[in-house]
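Below, each chain spelled out in residue letters.
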Amino acid sequence: MRVGESVRRPDGAAKVRGRFEYSSDLHAPDMLWGATVRSPHPYARIKAIDISAARAMPGVHVVLTHKDVTGRNLYGLEIKDQPVLAHDFVRYWGEAVALVAADHPEQARRAAQALKVDYEVLKPITDAEAALAPDAAKLHPNGNITRQVKIRHGDQSARADIVVTGEYEIGMQDQAPLGPESGLAVPEQDGSVELHIATQWLHVDQEQLAAVLGLPPEKVRLTMAGIGGAFGAREDLSMQAHACLLALEAGRPVKMSYSRTESFVGHVHRHPGRLWYEHGADRDGRLVYVKARILLDGGAYASSSTAVIANASCFSCGPYRVPSATIDGIVAYTNNPPCGAMRGFGSVQNCYAHEAQMDKLAAELKMDPVELRMRNALQTGDKLITGQTIDGPVPVAELLKSIAAMPLPASGEGKGGDVDLTKLPGGVSNTTHGEGVKRGVGYAIGFKNIGYSEGFKDYSTAKVRLFTKDGKARVEVHTAAAEVGQGLVTVQAQIAGTELGVNDVVVLDADTNVGSAGSSSASRQTYITGGAVKTASEAVRDRVIAMARAELRAPSGLHIENDNVVTGTGKLVVPLATLLGDEVIEETREFHPRQTFPLDAETGQADAHMQYAFAAHRAVVDVDAELGLLKVVELATAQDVGKAINPQAVEGQIEGGSAQGLGLAVMEEIQLKDGVIRNASFTDYLLPTILDMPPVRMDVLELGDPNSPYGLKGVGEPPTISSGPAIAAAVRAATGRPITRVPIRPHDLTL
Amino acid sequence: MKHKVAVTVNGHKHEHEVEPRLLLVHYLRDVVGLTGTHIGCDTSQCGACTIHVDGKAVKSCTMFAVQADGRSLTTIEGMAKGDELHPIQQAFWDEHGLQCGYCTPGFIMAAAYLLEQNPNPTEDEIRKGLEGNLCRCTGYVNIVKAVQTAAKTMSGTTAGKTQVAAGGN
Chain Z
1 MRVGESVRRP
11 DGAAKVRGRF
21 EYSSDLHAPD
31 MLWGATVRSP
41 HPYARIKAID
51 ISAARAMPGV
61 HVVLTHKDVT
71 GRNLYGLEIK
81 DQPVLAHDFV
91 RYWGEAVALV
101 AADHPEQARR
111 AAQALKVDYE
121 VLKPITDAEA
131 ALAPDAAKLH
141 PNGNITRQVK
151 IRHGDQSARA
161 DIVVTGEYEI
171 GMQDQAPLGP
181 ESGLAVPEQD
191 GSVELHIATQ
201 WLHVDQEQLA
211 AVLGLPPEKV
221 RLTMAGIGGA
231 FGAREDLSMQ
241 AHACLLALEA
251 GRPVKMSYSR
261 TESFVGHVHR
271 HPGRLWYEHG
281 ADRDGRLVYV
291 KARILLDGGA
301 YASSSTAVIA
311 NASCFSCGPY
321 RVPSATIDGI
331 VAYTNNPPCG
341 AMRGFGSVQN
351 CYAHEAQMDK
361 LAAELKMDPV
371 ELRMRNALQT
381 GDKLITGQTI
391 DGPVPVAELL
401 KSIAAMPLPA
411 SGEGKGGDVD
421 LTKLPGGVSN
431 TTHGEGVKRG
441 VGYAIGFKNI
451 GYSEGFKDYS
461 TAKVRLFTKD
471 GKARVEVHTA
481 AAEVGQGLVT
491 VQAQIAGTEL
501 GVNDVVVLDA
511 DTNVGSAGSS
521 SASRQTYITG
531 GAVKTASEAV
541 RDRVIAMARA
551 ELRAPSGLHI
561 ENDNVVTGTG
571 KLVVPLATLL
581 GDEVIEETRE
591 FHPRQTFPLD
601 AETGQADAHM
611 QYAFAAHRAV
621 VDVDAELGLL
631 KVVELATAQD
641 VGKAINPQAV
651 EGQIEGGSAQ
661 GLGLAVMEEI
671 QLKDGVIRNA
681 SFTDYLLPTI
691 LDMPPVRMDV
701 LELGDPNSPY
711 GLKGVGEPPT
721 ISSGPAIAAA
731 VRAATGRPIT
741 RVPIRPHDLT
751 L
Chain F
1001 MKHKVAVTVN
1011 GHKHEHEVEP
1021 RLLLVHYLRD
1031 VVGLTGTHIG
1041 CDTSQCGACT
1051 IHVDGKAVKS
1061 CTMFAVQADG
1071 RSLTTIEGMA
1081 KGDELHPIQQ
1091 AFWDEHGLQC
1101 GYCTPGFIMA
1111 AAYLLEQNPN
1121 PTEDEIRKGL
1131 EGNLCRCTGY
1141 VNIVKAVQTA
1151 AKTMSGTTAG
1161 KTQVAAGGN
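One line per chain: the protein sequences are Z and F, in this order. Each residue of the first sequence is one higher than the last, beginning at 1 in the working numbering. Each residue of the second sequence is one higher than the last, beginning at 1001 in the working numbering.
Quick caveat, the hints were computed from the structure, so don't treat them as lab data. Just so you know, not all the hints are guaranteed correct.
To be verified - Restricting the straight-line Cα-Cα distance to at most 25 Å, the calculated cross-link-like pairs of lysine-lysine (DSS-like) are:
hint, chain 1, residue 1, chain 2, residue 2
1, Z, K438, Z, K423
2, Z, K360, Z, K401
3, Z, K291, Z, K360
4, Z, K423, F, K1128
5, Z, K67, Z, K80
6, F, K1004, F, K1056
7, F, K1145, Z, K423
8, Z, K571, Z, K469
9, F, K1128, Z, K438
Modelling step: build the complete structure from the supplied sequences, incorporating the hints.
As structure tokens, then:
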């Protein structure tokens, strides 16, 4: 189990046997079931809440409203603006208003239905632009602008010979992790609570919970429960505070488990957005300036909107040399469902726009779109529009070259006499016989930051313990880092195994008994928690070597290999287990990457980001322009991962991330009407199936970042950024239509 | 009004009095206590709850427990032979055909039925055979690989095939 090997997941055996315990599988003796009363209105004033009918229902033990929130009834990742239970207003459809705990989940749900809330219904603001109007109702005390980011770079009055403009629209995407939210809160005699929860960041949950429960942090202990995917959906609190409040009040364990429909209102979504762009270039195709206005709909509460709009603005121009930029990014409060983190985090929305603009520019100049991108490719040492000088490998041109050189799938497959109808757009529905089918090829490239930005303290903690078990050396790694499916348990074991030369490495369950690991987001955990495990392992190794030298008067240059202490030439000095005896060597270390700084409020200039990662996609699509059907025939991608710690897992991340990008491009959208979600189920919210997702050609580059552990770069998000824009470009190439919004709808292809 | 249900699950007989509206998936998870069968959508789209009913792959949220009376059921927990994983389980693990793993039991059960019907499927046939199951993590590429690998292992030996049948009866 070493760095660079395709090691199988240690949790894989339990997962394929059905023995891995997900949060929805948890059970405690004597436990009650919680249910949530949710607002049927996107915007209303709460006049009165009558719990008596709910309280009198069979099996009901506890009914709670905002009056029963024992601490501060406000929480939030960046801005504490969201109540645990609504008190004066409800600001989105599905907002939590009250809670019930009962013996059986059906009793809890029936009681929740019986609870009476008297609302004064208000007219919701369901459009971000309308929220900015001077006479719009203020949804929060400071108004409706959650954050505005201004970037002013270079010559603000720059002019160019060739100018293209465009307006783009991005729909609201759901992370749709396959396991809905669930958790189990267990109250203790001393007034503390243990929460077993599927989350992306145990410690930030703990911090927020302590405040809303009115308890010191040590009285709120969290253990990571098995997680059915995350993708950003589990960064904010969902039922964490609710389950804890119910359990503490009832004095009994309380489990909450959302249905799929409830899950759609139980977590934040990817921000929908409207983006206006103007690109200026010279006649050789070199960019002169980019102007953009990016407006994201943040919904009712801030969540991580302030960071998402920073990303959308910082990466608004794509990975190109842009001498002058004028960018205005705004995220606004509305009465739509709250939006926050989803894989790609602001860089997905803008990539659709900057890549469509680059294609438009190429068409205007009659240039090959890949050639135009190469001509403007960002390189190491260039200044970004934020003024930061980009260091480390910046393989924009290499990635483009790689995807452009990959062989194309056989063209016009299925056309002509011998038609395999199932391979045409519409597939097994047998809707087309291929007469109107056109093929298109499109390219896109994107980039984003890895890790936290703008001065947000980024670190992780690892405890590494070496001892002898059954006559053999064993290493235990303990962190609070959330395994969300990405393979972090494998990576931690590989890193400890590599640094300590030990074969038996066990990664303990993540919990709050060890220091914070930060979140499993921003593609950061392999870098940051991987860095912490590496540092702690090195400290343990140093002690082992010192011990060997002291006890055995061994020469210098020792290291550990295959459970043995060996000399520089690999000669056995002593088996590790013999050297250790009963000794336990334990070290805890924090790992801090290099510092970042906040964006200047007026100019957006700063060394705001820690690391940058790049991916490019080529998409091949078949479109039936008469019937409005489209099929993605192939995705090809190239990505620099710095160093693949686990190549098989890296490929899995790239394929899975590309699929989520495909989803937004062609089918996934939360449909809202007057603030109400119309498709809160997998019947109506479409996810890519195995027939929608094509095979993936891939080129994984390992160029090595001089600043990071092993030279690695974060992997998870870049594939989700450029796959969709490449598909949109391919559809434009096939149809000649502008395709300015995603997901692409049948009428965008036909009317 | 409760009804008696007698079923065989993974070779073991179970008898319970259940409400006629109880879904089979809830019966398996909450009454029998086999939580390897997962619930992802409640509306029969995701296939995470796929099991075998008399040897056929069925989404267990599409049946009531009372409809399973007298039937023989196999869940993911019935696929391995003691410590020996079923070749499909082994292949999903080896080929990284899972990440979070929530959809995996359903995929394995659907794949087992597919390979029972068609021991040497093409990639297209694998994709068509598994279109009723959703995975949000993998992009399906390694799921296809896992089924291909399992098909190879199972065609080399009949053990896998018999195992499925034995589990189903």
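Okay, the hints, checked on the actual structure:
Distance restraint check for K438 of chain Z and K423 of chain Z: the Cα-Cα separation of roughly 13 Å lies within the 25 Å cut-off, and the hinted pair is therefore satisfied. About 20 Å separates the Cα atoms of K360 of chain Z and K401 of chain Z, which keeps this hinted pair within 25 Å; it holds. For a cut-off of 25 Å, the pair hint linking K291 of chain Z to K360 of chain Z stands: about 15 Å separates their Cα positions. Distance check on the hinted pair: K423 of chain Z and K1128 of chain F sit about 11 Å apart at the alpha-carbon level, within 25 Å; holds.
Annotation: proposed proximity of K67 of chain Z to K80 of chain Z holds, straight-line Cα distance about 18 Å (limit 25 Å). Between K1004 of chain F and K1056 of chain F the alpha-carbon distance is near 23 Å, which keeps this suggested pair within the 25 Å criterion. A hinted pair counts as satisfied when its Cα atoms are at most 25 Å apart, and K1145 of chain F with K423 of chain Z qualifies at roughly 20 Å. A hinted pair counts as satisfied when its Cα atoms are at most 25 Å apart, and K571 of chain Z with K469 of chain Z qualifies at roughly 24 Å.
Between K1128 of chain F and K438 of chain Z, the direct Cα distance comes to roughly 24 Å. Compliance with the 25 Å bound is thereby established for this hinted pair.
Hint check: no violations occur; every hint is consistent with the structure.
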